[in-house]
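There are 2 protein chains.
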Amino acid sequence: MKENFTQGGFTLPGEAGYEQLTLELAKKWGADVIRDSDGTKLSPEIVEAGYRIYSTICIIREHNAFAEAHPDAQQQTFLSSDAVIAEGPEAVIEPLKGYFDEQFQLNDSPEALEYWQVWDRTAGEVVPRENWSYADGRITVTGCTPWHRYTASFLCWRIWEEINMYNHTTNHWTSEHLRQLDPRHPLAWEYLQDWLEKWCVDNPQTNVVRLTSLFYNFVWIFGEDMRRRSRFVDWGSYDFTVSPAALKAFEAEYGYALTAEDFINKGKLQATHRPPTAHKRDYMDFIQRFVAEKAKVLVEIIHRHGKQAYVFYDDSWVGMEPYGKYFASIGFDGLIKCIFSGFECRLCAGADVPVHELRFHPYLFPVGLGGLPTFSEGGHPERDAVAYWLHARRALARQAVERIGLGGYLHLTQGYPEFVDAIGEMGRQFRRLKALHAEGAPALLPIRVAVLHTWGSLRSWTLSGHFHETDANPLIHVNEALSGLPVDVRFIDFQQAESGGLKDVDVLINAGFAGDAWSGGEVWNSAELVAEITRFVCEGGALIGVAEPSACPGGDSFLRLAHVLGVDIDHGEYACHAPWSFEVQPAPFAVCDDALAAMPGARLTDPETKVLVAEGGAPRMTLHAFGKGCAAWLSGFEYSPAAARMLLELLLHMTGRTGKDAGISDDPMVETAWFPASKTLVVMNDANAPVEANIEWPGGTTRVALGPEELKFVQV
Amino acid sequence: MKENFTQGGFTLPGEAGYEQLTLELAKKWGADVIRDSDGTKLSPEIVEAGYRIYSTICIIREHNAFAEAHPDAQQQTFLSSDAVIAEGPEAVIEPLKGYFDEQFQLNDSPEALEYWQVWDRTAGEVVPRENWSYADGRITVTGCTPWHRYTASFLCWRIWEEINMYNHTTNHWTSEHLRQLDPRHPLAWEYLQDWLEKWCVDNPQTNVVRLTSLFYNFVWIFGEDMRRRSRFVDWGSYDFTVSPAALKAFEAEYGYALTAEDFINKGKLQATHRPPTAHKRDYMDFIQRFVAEKAKVLVEIIHRHGKQAYVFYDDSWVGMEPYGKYFASIGFDGLIKCIFSGFECRLCAGADVPVHELRFHPYLFPVGLGGLPTFSEGGHPERDAVAYWLHARRALARQAVERIGLGGYLHLTQGYPEFVDAIGEMGRQFRRLKALHAEGAPALLPIRVAVLHTWGSLRSWTLSGHFHETDANPLIHVNEALSGLPVDVRFIDFQQAESGGLKDVDVLINAGFAGDAWSGGEVWNSAELVAEITRFVCEGGALIGVAEPSACPGGDSFLRLAHVLGVDIDHGEYACHAPWSFEVQPAPFAVCDDALAAMPGARLTDPETKVLVAEGGAPRMTLHAFGKGCAAWLSGFEYSPAAARMLLELLLHMTGRTGKDAGISDDPMVETAWFPASKTLVVMNDANAPVEANIEWPGGTTRVALGPEELKFVQV
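So the sequence lines, in the order shown, correspond to chains A and B. Converting from the first sequence to our numbering requires adding 40 to each position, the first position being numbered 1. Converting from the second sequence to our numbering requires adding 40 to each position, the first position being numbered 1.
These are calculated hints, taken from the structure and not from any lab test. As the structure is a prediction and not an experimental result, all values here were calculated from the model. Where hints are given, some of them may not hold.
Identical copies go unnamed one by one, so any copy, or any two together, can satisfy a pair.
Okay, derived cross-link-like pairs now, EDC-like style, lysine to aspartate or glutamate, Cα gap no bigger than 16 Å in a straight line [as the list claims (entries may be wrong)]: (1) K137 x D646; (2) K306 x D610; (3) K288 x D322; (4) K719 x D701; (5) K668 x E127; (6) K306 x E422; (7) K81 x E142; (8) K238 x D392; (9) K137 x D533; (10) K700 x E750; (11) K308 x D610; (12) K137 x D265.
Same shape as in the complex, but just chain A (with noise of 0.2 Å):
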């Protein structure tokens, strides 16, 4: 190859004030593109610089004077107040007492107030509304029963826009609060199309208009008190879209109305970890339609503009998901995504889009999400960027994308002269996988794995939100070890599951706790799913399952799958029925103990299922042949180099094939993806020391010399 990879696919945030550092890092990191960022603006040396640039808009946001003159433009949602004990007949509940008074305010408007309800929560009913009455911001319940508890579910304004709501808290800003907007105001609407429309007029020199992102943010919902200020926080929720106009359009649509309990839930509300109700689903498909045809209109009016539109899918991605059936209607030309992982990156890389761009991590902020320090004393953000690109490119060797970048405020970068050389470094890496899979696809292992969860595709690769947000899940573990893997990967749900879903797949993973969305909780009662996945194993077929794969209470096993895993998880029913006893025999592979788990009340339905790991008497990893095909079972799985080798071990094993096919190495720690149309070997040493490994490839094996953590390209 003549190419040095030193040049393009790089988007630099630039910062006015700073304009010669700007342009010597866009030099030295090969960008092609400057933007700005939330807090920065460019100036015109930068925009005249010969750069293509990307124009940050939050749509919704930023229009403080028109929120203030249109008050009821203003976004909403429902809440539950904390439960009230009637001591006697009547019981009086201040609604948002407990709730953070900046970021709500109610919604007290008739046409509010018909959808509030208050609940007997004791009772677990709701209190006929002549039982109760509001007034000056209190409620007064009467005809209580006493002891009872007292909730009251109602609609409020959200005052200020989260996102901006956080980085005041966060990073003590002092500026004004932003308001945000709901584009179902008819009156909103037309103000965001007009705004967008002189926008564009007024930015000639913009190329990329980038949406940061839509129109209604996760759910994030403030607390009083700060030993809970965030009382709620799900990145795939849908709360912050209702309105008394988006029920009553649904209810016109639907044909039945939505009340405050499809969304209060019991005061738990409907977290992307738990499995919808037939209701959520219908309110999730009316939104995401809204959200597509309303999209739809700004990226024509952006086009019309000679300008294209990007998505940066974060923040107000609600409604928006790029694998939600109305995406590509939308009419984006690129997908931004910001990542930590690999699973981010397969996220953005197979979506229906033209371009794919990341933003890479750390943020050029003082202080990363978890609120350590990155670019302020104490900080090591080269240390950061390297730990994120080691996820990154094991995902990258086995799916492209189109472009990478960074975020932030670039003068903080100064003084910080290696984290500036490693993102060169990764830059030149970025590029030259980019060119290795332009020449051809990495060779894939015959081995199709479907994941089975509740969301199915629509959550491909992620569950809410970035790794550390959800890593009390195994889910999240197992798609990020999948990601780097060298097998076809599909996200599939229960209803594909039955109905013909399993016809191609090799291996079906089902990994979640009892009750969750990721397990499935009650679509396990379903017999014709059980009966399929039953015979696709009985048939030939692989299952693993983890932690508490189709776990379900009510059936004659605790797992509906047991039959098939050979292991069953005791909480309580088994009271008396002594479990198989068993010896823990050799693994036919590595086994890496560090990624399983604790789970005590895990036992053997069949004496014959083999027992790879054990700990205090109880199962932590089996296997189990069962008809033609057989099932595994981890009690857990935790992400690491090393699991997920186990991972790529334990596939093979139970698909009966060899790894050579797509490039394997003798050292767990090293990863190998393997390029057939340009013959070159992409050998990712894992660990932080040199390691010498052999690389079996359909051509024969090479023995390969690494550094700690050394990426090579090796022809052969």
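On the provided structure of chain A, position chain B as indicated by the hints.
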């Protein structure tokens, strides 16, 4: 006191062939009674030595000739086959496959077959009778849904009395397998009455007939495979009482028919640790009445012969629970309970019967129940005896019994002089305690504790079986701690709690895991129950919840008393809801961390809940002021002297009382009972080291020095 407490209230197991030893030890231990044991006989030399004589009878056993002549008079049970997967439209089930064929034999008589069922366990539906047929020990199911799992529920004969089976298989006995008769069978019942009549005539020397126990053994199901030999064992369930005759009698009386599924319960059976169905409650009452009626007839025969009838409450105890509604009506003269623990002493001592006798452990057998050596190489029977005595003596300091004793092969004590001495010393201490009680009861604190669970008073003190069989349940540890505390203890069920049962209660305790009989399970769906306990605490009562008290999924909190406790437990339902942060606060008394357990999902529902112990970010012990009362939550409770002291301190703290009124030591390892009538302090050192402690009692403070594990009677 002049007495030296060397004589009386002691039952010695005599042994033919060891006449001298028998009489020697009878003297040494101060025995007034000599008994035989399972497997031993008394010789005329012993019988005529002037002691009262107990003779052991297991009424339904040792009638093999009759059983062989009348095989349909044997006892039965329902069993469920293991599941068979239908790969096509037909499935074949071998009902008894996997069960121990020396214990069970199919009952395929026409009247039994009526009760057989075949289940599609995947669909959760019973298979219509026309879709299965039975022949030659096999069930053929037709019209199957492919890939569904099918089970058969069937009746079978139990052809080996379970205690005999256990002794055979454990001790390698080779004698004939003993069978057992069902007193419900009319011929068997006639036979048994005649037999007892004749036995009484033939055994004029016997003063007390020691019934071991009555008719129906606790449930003990053996498997064929040694990897799961003891498939199911429950000391409190009723499966072994069933027969077509019982089912028909039940139907005639109750107006509805029980089915196999009422017993099989998806293969899980109906263990005592799980809340019963309404049908099971009816059936238990039906059996309890039957057992009491028949037992009364036997007792009358015994009385007619001038003998007394004592019952040994173990083995075939089902239906004769000493706190059951019909127990007193039987007319027993005495209740004998074998004990390892304090709660068993209280269980025996509190029963409504004239004489209460404890049979101490270890049993004079080469190995103990757990299979470890006692009177054989490696055994230390004196250590075992003292360990059990430490548990028993603190209970005996609270409530007296009339008698103690031993069982087994007396000759095994030879070569264990320390054991012989230890028993002598225990006898003296027992007699002195008994004398103290006779002079006047020990002081009780004005703290009335009610332990709340499904079974209420029926299972006072016990769960089902001995401590080591149920020690995974925190409640048995709580009961063990309470058995030696100077507080009033009662056991109430949920219906009582709901209907005025909390009137005279100061502290309510609910201790168990979600869904079990001790926590309560679905009963917590009762708004009345929740409201009543809310009222109770709000008006000044105290609530102690251990592990998962009041747990029941489906509400707005997992613990239905979360609002009272200030604590809830997250099993995933709180997804995305942040917990209240907290800091551990100093405890108002010495906390025994070791008694608590891991409960990772525990979280505060009120920021004002005081956390006394936490681990890994989750609280383990909390206090919560609630209205005029308060609540405490403990993640677990494992008995130890320090844990018992913590419970006492907690009770004192929550009720605002002082321990002085009943005598209390400043050393938590020293327990005290204050007998005001005899002005005696009973001071017990629970530690294995010498100690000096100050005992506060109503008359002042007394300093007492005690050797390791010493009990002292201190007159003040």
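Comparing the hints with the structure gives:
1. K137 x D646: between (54 Å within a copy, 14 Å between copies)
2. K306 x D610: between (28 Å within a copy, 14 Å between copies)
3. K288 x D322: Within. Shortest intra-copy distance 14 Å satisfies the 16 Å Cα cut-off; inter-copy 52 Å does not.
4. K719 x D701: Answer is within: at 13 Å inside a copy they meet the 16 Å cutoff, but 89 Å across does not.
5. K668 x E127: The answer is between: 12 Å across copies meets 16 Å, while 63 Å in one copy does not.
6. K306 x E422: neither (45 Å within a copy, 58 Å between copies)
7. K81 x E142: Close neither inside one copy (27 Å) nor across copies (86 Å); limit 16 Å.
8. K238 x D392: Cα proximity of K238 and D392: none, with 29 Å in one copy and 92 Å across.
9. K137 x D533: Answer is neither: 39 Å inside a copy and 38 Å across each miss the 16 Å cutoff.
10. K700 x E750: Answer is neither; intra-copy 21 Å and inter-copy 72 Å both fail.
11. K308 x D610: between (26 Å within a copy, 11 Å between copies)
12. K137 x D265: within (10 Å within a copy, 62 Å between copies)
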